[in-house]
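Take a look at the letters that make up each chain.
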Amino acid sequence: MIGDDDEVGLARLRAALDRWAIPVEEVEREVVTAFGDPLLIVATGSILAGFGNRESDVDLFVLVDSDDVLSIPVVSFRDGARIDGRFFARHEAEAWPDHLAYGGAPKAGRGEAGALQVQAVFDTATRFALGYPLAGSDTWRAWRHDLRRGPLGEQVVGYWTAQAVRRAFTLRLLDPAAQPHRVWATAQATLRAAYELYAARRGQVFFGDKWIGEKLVRLAAPELSARLGDVLGSAPDEADRLRALALDEAARVVADDGVAGPWQVELQTAAGVRARTLAGRTLVTRWELRGVELLDATIDDCDAGAELWRGTPDATPPPHVTALVREDMLWTDATLC
Amino acid sequence: MDRRDAVLTWPDARRRVAHVSRGVMVILVRVQAFLEDVDGMWADGQYASGAVVARDAVLDALAVRGIATGGEPSWSPLSAAFDPFAAATPADAEEATTLVRTGARLAAERRPVDDAEVVAWRAALHDFVAGTEAGLGLSEPLPVLRSPDGMFSVFRLARGTFELIDEMGLPQVLPNDWSSTGSKADR
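If you read the sequences in order, they're chains F and R. Sequential numbering from 266 applies to the first sequence in the numbering used here. Sequential numbering from 1342 applies to the second sequence in the numbering used here.
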């Protein structure tokens, strides 16, 4: 079972709404019915997860029995409170289990578009699971209950394992001497993914890595908090040390808390990338705005999504492929073998 | 950019469109929210998270600036190889890293929201974002998305833009969390 008891979520919701003198019972009235009668309305977000603050809004996630829902937030303001409504079609929720299994390549598809869809599913499913049900049929209340009791927690662990593996792989290919600022920023991102994995393994599955600082406080992990502060607070000219720190931490957390592998990394041409031949050399462009020419190797003409390399996370691709990673021309995926 | 008579001229119109379209959406959807988060987190003593979010705001704003001068216009929170410093000027890179590092130090010291140095740092964060917005060269200030009429203002601003970037083969700019979690083909 993931998340706190519903009574805890309700108490957090009441405490937040008290600031604006809004009764809990009236919140669901903010849900528009233009997309049909709701099957389930869940109050969710950082407030319900226990991280909310005075700037936080209340999220209402609404499941409707309709194919045509507006996917952008429907925002309402009431007595100073900001209430964000998000609508999801029933068929979306029924497809989520296929995306949540982060084993092989995501069903959503390869590359960034598929990864973003998987991320959106994790974000949405965990918010439904961790929120408080304001209204809904018995069937869909039971669906949410099953979501909390099922494998979602372990699937979130798998998600963050993949993120830590792919971030660390990329960080290892970067050159601290040539690009210290980039290594500085990538070390931060790698450490955050690793610590999200650490937190998820210990039950902190609320999606949104902006809360990693509070998760580590909640988990009483001062050493990890200190390391996170170190990589944020150090200068880019310490890029060598920061890279080593982030790689060591990622390897340790993946080994201790991650979903067991073996994992593999796949590099494919990123969105907007095209490879063509120019005077005997390969010219790789992105959005026709940036380009690099390969001097010592060629690749076949291709568009976005072409696989260029696949290997274990500790392997090193050929120099021209590594160069394309460094030029942000490739998308990195990490999947279980 | 070159200002002559009553027009602005651009040596690379594709890059101009990429800069404006991506820059507007990143500031409206991500950076504005990050700045609100930093204020709320700091006010409630959530210092470590405040420093993390400030870092995200700064690097997003820096990356927007870089689009105008050769940077990659397409990135997401999942982009492992994206380099927000790729086309940054040395001055911008220095300012950005100083803002991030200062936030981390103030968080470690648990300085309260009304501490003079925190006040100055938050003002500098807002100034950095305001400078990024000014660099877009828009004819009027961006609306605040998370305000009662924010979404309508955005739709007005975006009118025609989605079609234009589609025609030019540039990256779409709608944020991931505004997209559906599943297509009808999933059924």
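Honestly, the hints are just simulated from the structure, not real lab data. All residues carry an ideal CB built from backbone N, CA and C; glycine is no exception. Do not take every clue at face value.
As the list claims (entries may be wrong) - Label pairs and their computed distance ranges (CB to CB):
id: 1; chain 1: R; residue 1: PHE1496; chain 2: F; residue 2: GLY345; range: 23 to 33 Å
id: 2; chain 1: F; residue 1: ASP411; chain 2: R; residue 2: HIS1467; range: 43 to 53 Å
id: 3; chain 1: R; residue 1: ALA1464; chain 2: F; residue 2: HIS356; range: 24 to 34 Å
id: 4; chain 1: F; residue 1: SER402; chain 2: R; residue 2: GLY1478; range: 26 to 36 Å
id: 5; chain 1: F; residue 1: LEU560; chain 2: R; residue 2: GLY1386; range: 49 to 59 Å
id: 6; chain 1: R; residue 1: PRO1453; chain 2: F; residue 2: ALA286; range: 25 to 35 Å
Checked hints:
{"no.": "1", "hint": "R/PHE1496 - F/GLY345: 23 to 33 Å", "result": "24 Å, holds"}
{"no.": "2", "hint": "F/ASP411 - R/HIS1467: 43 to 53 Å", "result": "45 Å, holds"}
{"no.": "3", "hint": "R/ALA1464 - F/HIS356: 24 to 34 Å", "result": "48 Å, violated"}
{"no.": "4", "hint": "F/SER402 - R/GLY1478: 26 to 36 Å", "result": "52 Å, violated"}
{"no.": "5", "hint": "F/LEU560 - R/GLY1386: 49 to 59 Å", "result": "54 Å, holds"}
{"no.": "6", "hint": "R/PRO1453 - F/ALA286: 25 to 35 Å", "result": "27 Å, holds"}
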